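J.: Order-wise, the sequence lines are chains L and W.
My numbering numbers the first residue of the first sequence as 8 and each following residue consecutively.
My numbering numbers the first residue of the second sequence as 8 and each following residue consecutively.
Hints are computed from structural coordinates only; laboratory data are not their basis.
Just so you know, these numbers come straight off a predicted model, no measurement behind them.
Heads up, a few of these hints could be off.
When chains are identical, the list treats them as one kind, so a pair holds in a single copy or across two.
To be verified - Mimicking BS3-like on lysine-lysine, the simulated pairs with C-alpha atoms at most 25 Å apart in a straight line are:
{"no.": "1", "residue 1": "206", "residue 2": "72"}
{"no.": "2", "residue 1": "206", "residue 2": "110"}
{"no.": "3", "residue 1": "142", "residue 2": "72"}
{"no.": "4", "residue 1": "292", "residue 2": "71"}
There are 2 protein chains.
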Amino acid sequence: MELSSYMKEKKRIIDRYLEEELPLENQNPSIVHRSIRYSVLNGGKRIRPILTMMVAELLGQDYKKVLPAAAGIELIHTFSLVHDDLPCMDDDDYRRGKLTNHKVFGEAMAILTGDALLVMGLDFICRNAQIEGVKKDSVVEVVQNILEMLGTQKMLGGQVDDISWHNQKNNADFIEDIYSRKTSALICASLKTGALLLKASKKQIEALETYGEKIGLAFQIIDDIIDLQEDKKIDDKPTYPVIFGVKKSEEVAHQYCNQAKESISLFGGKAQLFYELADFVVSRKK
Amino acid sequence: MELSSYMKEKKRIIDRYLEEELPLENQNPSIVHRSIRYSVLNGGKRIRPILTMMVAELLGQDYKKVLPAAAGIELIHTFSLVHDDLPCMDDDDYRRGKLTNHKVFGEAMAILTGDALLVMGLDFICRNAQIEGVKKDSVVEVVQNILEMLGTQKMLGGQVDDISWHNQKNNADFIEDIYSRKTSALICASLKTGALLLKASKKQIEALETYGEKIGLAFQIIDDIIDLQEDKKIDDKPTYPVIFGVKKSEEVAHQYCNQAKESISLFGGKAQLFYELADFVVSRKK
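Just chain L, with the same shape it has in the complex (with noise of 0.2 Å):
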């Protein structure tokens, strides 16, 4: 199957998952779960829980083994983009043409929202226990991976250096590093997610860390050049095409997503959505 509708199918199943394991608006207290069901559910490109269902067929397994794992990591990718938007953070209006979920509910809400939104998620991977031939001491590694791929060494640690990026050195390393862990953190736990409930051996999951680590990092460029063509705020915040430019920022992509590529080798042809995704990566134009 071709990439474009492959993403397509996963992207309907993993909405329609998360439509009806999502509390529903009048369950109480409702405004929170208005709250949550509007970030959510707002069109996403599912990117994350895709990667999860693609190792669980890559590995020649059914992806419903990881669909609620794969879910949970969707809601706690939410929650950092809620708590990331707060006025006190990046300040943010607007979210995939909707307003984002402190101007609809407000801050206090927003906040709440997000802290659900994590609790949830960690709830979803850990329901993922109850799947038949899923054993119980992998959910706990599962949850142990994604909790340091938050912590302040990753995901949370690199949105600290990001609002405190005034006192930084702004140089590509820096910046490099600060991508690697708002974005490559929590892809490279989506797939792990995967290797780790099916026990992928430890270098294959070696390999699909790699590949995570390169596509997030052309990813997170990809955004900026796009951030920056459509003329969004930015401040005088340092991005790759801003230092460095477009043409350059992009080649740079380009050589993350031929190493992304490469660093899968060992599947061979069975691995083919993953070359046709780091390429859709460096590719997409929004």
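Given chain L's structure and the hints, the job is docking chain W onto it.
T.: Frame of chain L, contents of chain W only:
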């Protein structure tokens, strides 16, 4: 051993563990680690982790078997305090005589610090899986229980209703329901964590949960009496003593204290410290 010296000893143990296990202030990104240590190492009473250790000893086991999880629960408690104190929530400037986190580190860092404390707290709990004699599948159960106690049906949902109390009926049932979710839920989780990790019987677990529910309610009523008497800013927010007066509130707290003690009668004399702790909760003056 008498309760007060028991609590002092266990507080020292938990404080030392936190002191040693939290990232050091000079570890990057140092600002968030300074902020975490500021809010955690602040002279708290450590009632929740002490309860977890008390359960271990009640079951005839070494408290060390539950120490990481106990410490994790204290971090999660601290997460809730740091977020609750934010300007857009309860807007508190002081906690235990010290400036609140956001007054020292700013709002953005306080939000990230809370997020990081929740992540780190759950990670501490997962670490408990490494302890000899603790099964990994009981750790999954513990994590799931804590996530349930934090979720929108419990602690976070209680906070949602608490900040939107203007729209609510302010009667005893409603206030008790908020107390139950905001305070009792995590106290129950502290007790149940010890019980699940050390394979208590279903009956024992139920007894401890009832005990936790009741001392949680008593604890929160007394807390509100203390706040009222210290004349803290409480706007017109309805609390038990504001609506029913101090005398009636004290009576209700004592009823809950007695119900708490009755609920654990199956443990007999071995639960002596639990009886004393229930009395301590309603007799404390700060």
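J.: Hints broken by the structure, by number, lowest first?
T.: 2, 4
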